[in-house]
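Student: Single-letter residue listing:
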Amino acid sequence: MKTIKINGEDHSLDVPGNVPLLWVLRDFLELTGTKYSCGIGVCGACTVLIDGKPVRSCSRSLDSLSNNNVVTIEGLGEEERLHELQKAWIENDVPQCGYCQSGQIMSALALLSVNADPSDADINQAMAGNLCRCGTYLRIRKAIKQAASMLRNTKNDISIKTIGNKGHKSLLP
Amino acid sequence: MPNFFIRISPDNTITFLCARSEMGQGTSTGLAMIAADELGVDMDQIEIEFSTGSSERYGNMQDTGGSNGIRMQWPALRKAIATTRELLILAACNKWEVLPKDCYCEKGIVNHRLSEKKAAFGELLEIASTLAAPKDVKLKEPCEFKYIGKSIIGPKTKLAATGRTNYSLNLKFEDMLYAAIERCPVWGGRLVSFNDDKARRVPGVIEVVQVKPLEEQPDDYKGGVRHGVAVLASNTWAAFEGKKALEIQWDGGANAKKSDEDIKRELIQDSLSNNDISLEIDEANRVFKKGDDFFSAYYSSPFQANACMEPLNATAYHRGHKIEIWAGTQSPSITRDRISELMGLPPAAITVNNLPSGGGFGRRFFTDYVEEAVVLSNHFRKPVKVTWTREDTLATSKNHPYWVDNWEASLDNKGVPIAFKYKGAIAGPSGFTPFPYGIPTTFYRPLGYRYPRLLPRASWRSVAAHPWGLSLESFIDELAHRARIDPLEFRIGLLKNADVVEQVFEPWVGDDLYPDKLGNTLEIAAEKANWGVGKERGIYQGVSSISYNTSYCTQIVDLSIVGEDILKIHKVTAVVDCGLVINPSQATAQVEGSIVWGLTALLKNPITVRNGRVQQRNFDTYELLKMAEVPEIEVYFVDNENAPTGIGELAVPGLAPAVLNAVYAATGKRIRDLPLKQPKIV
Ligand code: FES
Ligand code: FES
Numbered sequence: 000m001k002t003i004k005i006n007g008e009d010h011s012l013d014v015p016g017n018v019p020l021l022w023v024l025r026d027f028l029e030l031t032g033t034k035y036s037c038g039i040g041v042c043g044a045c046t047v048l049i050d051g052k053p054v055r056s057c058s059r060s061l062d063s064l065s066n067n068n069v070v071t072i073e074g075l076g077e078e079e080r081l082h083e084l085q086k087a088w089i090e091n092d093v094p095q096c097g098y099c100q101s102g103q104i105m106s107a108l109a110l111l112s113v114n115a116d117p118s119d120a121d122i123n124q125a126m127a128g129n130l131c132r133c134g135t136y137l138r139i140r141k142a143i144k145q146a147a148s149m150l151r152n153t154k155n156d157i158s159i160k161t162i163g164n165k166g167h168k169s170l171l172p
Numbered sequence: 000m001p002n003f004f005i006r007i008s009p010d011n012t013i014t015f016l017c018a019r020s021e022m023g024q025g026t027s028t029g030l031a032m033i034a035a036d037e038l039g040v041d042m043d044q045i046e047i048e049f050s051t052g053s054s055e056r057y058g059n060m061q062d063t064g065g066s067n068g069i070r071m072q073w074p075a076l077r078k079a080i081a082t083t084r085e086l087l088i089l090a091a092c093n094k095w096e097v098l099p100k101d102c103y104c105e106k107g108i109v110n111h112r113l114s115e116k117k118a119a120f121g122e123l124l125e126i127a128s129t130l131a132a133p134k135d136v137k138l139k140e141p142c143e144f145k146y147i148g149k150s151i152i153g154p155k156t157k158l159a160a161t162g163r164t165n166y167s168l169n170l171k172f173e174d175m176l177y178a179a180i181e182r183c184p185v186w187g188g189r190l191v192s193f194n195d196d197k198a199r200r201v202p203g204v205i206e207v208v209q210v211k212p213l214e215e216q217p218d219d220y221k222g223g224v225r226h227g228v229a230v231l232a233s234n235t236w237a238a239f240e241g242k243k244a245l246e247i248q249w250d251g252g253a254n255a256k257k258s259d260e261d262i263k264r265e266l267i268q269d270s271l272s273n274n275d276i277s278l279e280i281d282e283a284n285r286v287f288k289k290g291d292d293f294f295s296a297y298y299s300s301p302f303q304a305n306a307c308m309e310p311l312n313a314t315a316y317h318r319g320h321k322i323e324i325w326a327g328t329q330s331p332s333i334t335r336d337r338i339s340e341l342m343g344l345p346p347a348a349i350t351v352n353n354l355p356s357g358g359g360f361g362r363r364f365f366t367d368y369v370e371e372a373v374v375l376s377n378h379f380r381k382p383v384k385v386t387w388t389r390e391d392t393l394a395t396s397k398n399h400p401y402w403v404d405n406w407e408a409s410l411d412n413k414g415v416p417i418a419f420k421y422k423g424a425i426a427g428p429s430g431f432t433p434f435p436y437g438i439p440t441t442f443y444r445p446l447g448y449r450y451p452r453l454l455p456r457a458s459w460r461s462v463a464a465h466p467w468g469l470s471l472e473s474f475i476d477e478l479a480h481r482a483r484i485d486p487l488e489f490r491i492g493l494l495k496n497a498d499v500v501e502q503v504f505e506p507w508v509g510d511d512l513y514p515d516k517l518g519n520t521l522e523i524a525a526e527k528a529n530w531g532v533g534k535e536r537g538i539y540q541g542v543s544s545i546s547y548n549t550s551y552c553t554q555i556v557d558l559s560i561v562g563e564d565i566l567k568i569h570k571v572t573a574v575v576d577c578g579l580v581i582n583p584s585q586a587t588a589q590v591e592g593s594i595v596w597g598l599t600a601l602l603k604n605p606i607t608v609r610n611g612r613v614q615q616r617n618f619d620t621y622e623l624l625k626m627a628e629v630p631e632i633e634v635y636f637v638d639n640e641n642a643p644t645g646i647g648e649l650a651v652p653g654l655a656p657a658v659l660n661a662v663y664a665a666t667g668k669r670i671r672d673l674p675l676k677q678p679k680i681v
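Chains as they are written, first to last, in numbering that gives the first Met the number 0: chain A, 0 to 172; chain B, 0 to 681.
None of these hints come from the bench; they were simulated from the model. Even for Gly, the Cβ is constructed at its ideal location relative to N, Cα and C. Hints may be right or wrong, so weigh each one.
[As the list claims (entries may be wrong)] Computed list of lysine to aspartate or glutamate pairs in DMTMM-like fashion (alpha-carbon distance at most 25 Å, straight line):
no., chain 1, residue 1, chain 2, residue 2
1, B, Lys603, A, Asp121
2, B, Lys625, A, Asp116
3, B, Lys171, A, Asp119
4, A, Lys141, B, Glu563
5, B, Lys106, A, Asp116
6, B, Lys570, B, Asp498
7, B, Lys94, B, Glu173
8, B, Lys243, A, Asp62
9, B, Lys157, A, Asp62
10, B, Lys197, A, Asp121
11, A, Lys1, B, Glu173
12, B, Lys106, A, Glu90
13, B, Lys171, A, Glu78
14, A, Lys144, B, Glu563
15, A, Lys144, B, Asp10
16, B, Lys157, A, Glu29
17, B, Lys171, A, Glu8
18, B, Lys171, A, Glu90
19, B, Lys171, A, Asp9
20, A, Lys86, B, Glu173
21, A, Lys144, B, Glu628
22, B, Lys149, A, Glu90
23, A, Lys1, B, Glu115
24, B, Lys570, A, Asp121
25, B, Lys567, A, Asp121
26, B, Lys679, A, Asp119
27, B, Lys570, A, Glu29
28, B, Lys171, A, Asp116
29, B, Lys78, B, Glu122
30, B, Lys567, A, Asp119
31, B, Lys625, A, Glu8
32, A, Lys86, B, Asp43
33, B, Lys149, A, Glu78
34, B, Lys679, B, Asp510
[As the list claims (entries may be wrong)] Far from chain A, some chain B residues (derived; all Cβ distances over 10 Å):
no., residue
35, Glu143
36, Asn169
37, Ser192
38, Asn284
39, Glu309
40, Phe360
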């Protein structure tokens with residue numbers, strides 16, 4: 000049994016220690032907002048925050064976590080309580096297929112938590128590890144800037160808060 | 000109420016049944032907007048559900064490809080929804096004893112103009128169900144549209160921004176087996192033997208079984224399941240680890256020694272061979288002889304992968320007498336018919352639940368990944384989810400084929416072409432690969448692939464239009480420069496003399512080809528991109544103009560020289576005529592995405608093959624374009640109210656030639672092969 004903290008909630012798990020966090024989230028905890036795409040740390044689809052830093056969850060084993068705080072897209076906001084980044088994402092109609100977008104948003108969140116007013120170059124650099132086959136990059140950059148400005152204007156502190164997990168219903172055929 | 004596009008419940012819940020696959024192109028939003036406008040409901044009153052595969056309901060309208068979603072459904076969907084609207088109005092008239100002309104629908108309510116009378120749709124269902132559906136209903140006028148033409152943010156955008164899109168990869172059922180398959184790395188190869196001792200020792204692995212294609216000689220295009228070994232486990236990771244631990248002996252068969260270079264060599268040889276052009280050989284030679292000058296060139300483009308961000312996956316539950324499938328598929332009704340045929344069950348026993356896909360681009364039109372799940376579920380009689388690893392989606396998938404197109408021109412003494420000969424990938428022009436230019440005679444000969452194919456084929460965003468656009472738009476550019484005529488003016492000149500081309504080819508192509516529409520996009524683009532006035536600023540430009548399935552697009556690329564053999568692309572300007580634009584935000588996004596797609600194919604590593612095996616393993620070797628590499632993109636739509644045509648692929652084929660034509664303008668170097676290696680683009 001191992002206990003890990005996801006979006007502020009403790010989860011006890013009986014899962015082999017070498018299983019990557021990505022699959023712990025997706026298959027065991029049913030937090031499917033975090034996505035598998037490359038499995039080797041080069042696409043960014045599986046990005047989560049661990050203690051505020053962006054981490055490729057496909058490349059972090061369960062064993063490597065102890066008292067860390069993991070934040071996933073589920074912990075960021077939901078329809079009634081959207082994070083500024085999500086608001087900006089929606090306003091700019093960023094997602095196409097949407098599959099890369101959880102990872103994009105988590106990387107953007109990490110950037111904004113250390114840089115309240117990023118330039119194009121800052122954004123390009125911070126987002127270089129997040130691929131999008133649909134080609135939504137220009138809108139992502141625009142949305143990050145817009146979210147940054149919304150956050151600055153509301154003088155919200157930009158530290159990362161979480162809303163806890165929203166359960167995922169599994170349906171039976 | 001009998002309408003396959005909409006379901007209205009007594010509590011006035013209104014569900015739009017989207018009979019088209021959503022894979023990011025925005026069709027679910029666009030079609031819902033059309034339905035909402037025609038019915039008289041608000042977008043936020045509508046829930047969207049995807050129809051299960053059903054050719055008896057939707058004919059061939061449901062399977063999604065060819066940028067056809069909005070174009071094909073525009074008339075049928077509107078008529079169906081308008082019929083429901085009128086039926087609801089008749090039901091209200093029946094109840095209130097008033098006249099239909101005095102009633103209208105808004106926000107899911109029928110209103111009587113002359114009184115305060117109102118009734119929610121849901122209250123009228125009982126009466127409506129007793130009435131005959133009206134015929135010859137009137138469709139809404141454009142001035143009555145509330146949503147069409149506006150950048151409406153659809154539910155799919157909101158779901159994705161909160162990570163809640165229900166991709167098939169997220170599915171989990173009690174008792175479900177998670178499967179991963181190690182497939183034969185050479186197309187056409189077979190399994191000799193395997194040892195699964197190590198795989199079975201991986202914690203979570205439950206069973207290991209051999210996978211055999213359901214057909215003795217699988218077609219590369221239809222079906223195409225490979226020989227393989229499946230590992231079934233209690234979670235995806237265990238299945239992946241078990242798969243890695245398999246020890247397998249393959250017999251690669253006829254392709255085991257071949258490489259992509261061999262294919263290129265064969266295609267070039269065939270395209271240059273003297274056995275001439277078609278049955279019209281005498282005519283071709285006679286016309287060609289009249290010219291004063293001759294020019295020829297060939298162009299090549301390599302194998303490519305669709306590389307959808309959501310790896311291929313499907314879940315199936317075979318219960319003996321019926322099969323249920325959950326997949327992000329572009330072909331829900333074809334899939335149902337195919338599974339019915341393969342498993343010997345009637346189509347009515349098969350349900351294909353179509354979920355949103357994390358990208359399709361043509362790959363999810365093919366059923367192989369669904370067949371695998373069905374075969375495994377048949378074996379275990381449990382729900383089975385097959386997940387492809389990223390490596391699988393590159394190494395053992397289906398690919399955009401290698402192409403070589405060879406063009407020859409016979410020119411008059413001013414350098415204007417009087418005849419063309421084409422030998423290449425396509426049999427001749429079609430709605431997807433049209434020839435818009437007014438050149439008196441053009442002769443075509445398709446190049447057959449030598450068998451067996453090295454890699455099985457899949458459609459890839461814009462399919463054959465990509466090589467066709469590359470070769471035609473580069474060749475036209477070459478001729479313009481030879482004639483010392485501005486390449487944009489040269490195109491406009493050729494289009495001015497061109498006739499409308501008949502190409503009605505229902506249901507996939509819905510209209511003829513209008514060269515003047517293409518010419519119009521060129522003229523607008525010239526103005527928007529300041530064509531021809533950049534040289535003083537060090538800006539070099541290239542142009543292409545493409546028609547694809549009755550949509551039209553001119554692209555102008557601006558680039559500059561930033562170092563020796565180093566260029567920088569600053570901007571792509573795209574001018575599009577796709578008829579009435581339903582949702583400008585999404586239509587623009589499709590052009591942006593197509594440009595990124597085209598740039599990726601132009602600048603990044605393609606799929607290469609050695610000893611029958613694909614060499615690219617993952618996104619480290621099959622790279623995608625990154626944010627910093629995307630130039631500024633400006634998109635303009637020709638304002639019109641013609642019926643909408645398609646937009647999902649239109650801007651792919653013209654991107655590479657526009658860049659390469661700009662490279663020529665900047666450097667005098669003519670690049671005819673993809674990908675572009677020198678000069679370097681930054
Ligand atoms: S899935 Fe982890 S980086 Fe791609
Ligand atoms: S939105 Fe489809 S991969 Fe990014």
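Student: Taking the hints in turn, state whether each one holds.
Tutor: Checked hints:
| no. | hint | verdict |
| --- | --- | --- |
| 1 | Lys603(B) - Asp121(A) | holds (24 Å) |
| 2 | Lys625(B) - Asp116(A) | holds (21 Å) |
| 3 | Lys171(B) - Asp119(A) | violated (40 Å) |
| 4 | Lys141(A) - Glu563(B) | violated (32 Å) |
| 5 | Lys106(B) - Asp116(A) | violated (42 Å) |
| 6 | Lys570(B) - Asp498(B) | violated (32 Å) |
| 7 | Lys94(B) - Glu173(B) | violated (49 Å) |
| 8 | Lys243(B) - Asp62(A) | holds (21 Å) |
| 9 | Lys157(B) - Asp62(A) | violated (34 Å) |
| 10 | Lys197(B) - Asp121(A) | violated (46 Å) |
| 11 | Lys1(A) - Glu173(B) | holds (23 Å) |
| 12 | Lys106(B) - Glu90(A) | holds (23 Å) |
| 13 | Lys171(B) - Glu78(A) | holds (23 Å) |
| 14 | Lys144(A) - Glu563(B) | violated (34 Å) |
| 15 | Lys144(A) - Asp10(B) | violated (42 Å) |
| 16 | Lys157(B) - Glu29(A) | holds (20 Å) |
| 17 | Lys171(B) - Glu8(A) | holds (22 Å) |
| 18 | Lys171(B) - Glu90(A) | violated (32 Å) |
| 19 | Lys171(B) - Asp9(A) | holds (22 Å) |
| 20 | Lys86(A) - Glu173(B) | violated (35 Å) |
| 21 | Lys144(A) - Glu628(B) | holds (18 Å) |
| 22 | Lys149(B) - Glu90(A) | holds (14 Å) |
| 23 | Lys1(A) - Glu115(B) | violated (65 Å) |
| 24 | Lys570(B) - Asp121(A) | holds (21 Å) |
| 25 | Lys567(B) - Asp121(A) | holds (20 Å) |
| 26 | Lys679(B) - Asp119(A) | holds (22 Å) |
| 27 | Lys570(B) - Glu29(A) | violated (43 Å) |
| 28 | Lys171(B) - Asp116(A) | violated (41 Å) |
| 29 | Lys78(B) - Glu122(B) | holds (23 Å) |
| 30 | Lys567(B) - Asp119(A) | holds (17 Å) |
| 31 | Lys625(B) - Glu8(A) | violated (35 Å) |
| 32 | Lys86(A) - Asp43(B) | holds (17 Å) |
| 33 | Lys149(B) - Glu78(A) | holds (23 Å) |
| 34 | Lys679(B) - Asp510(B) | violated (40 Å) |
| 35 | Glu143 | holds (24 Å) |
| 36 | Asn169 | violated (4 Å) |
| 37 | Ser192 | holds (28 Å) |
| 38 | Asn284 | holds (46 Å) |
| 39 | Glu309 | violated (5 Å) |
| 40 | Phe360 | violated (8 Å) |
Hint check: violations occur at hints 3, 4, 5, 6, 7, 9, 10, 14, 15, 18, 20, 23, 27, 28, 31, 34, 36, 39 and 40; the rest are consistent with the structure.
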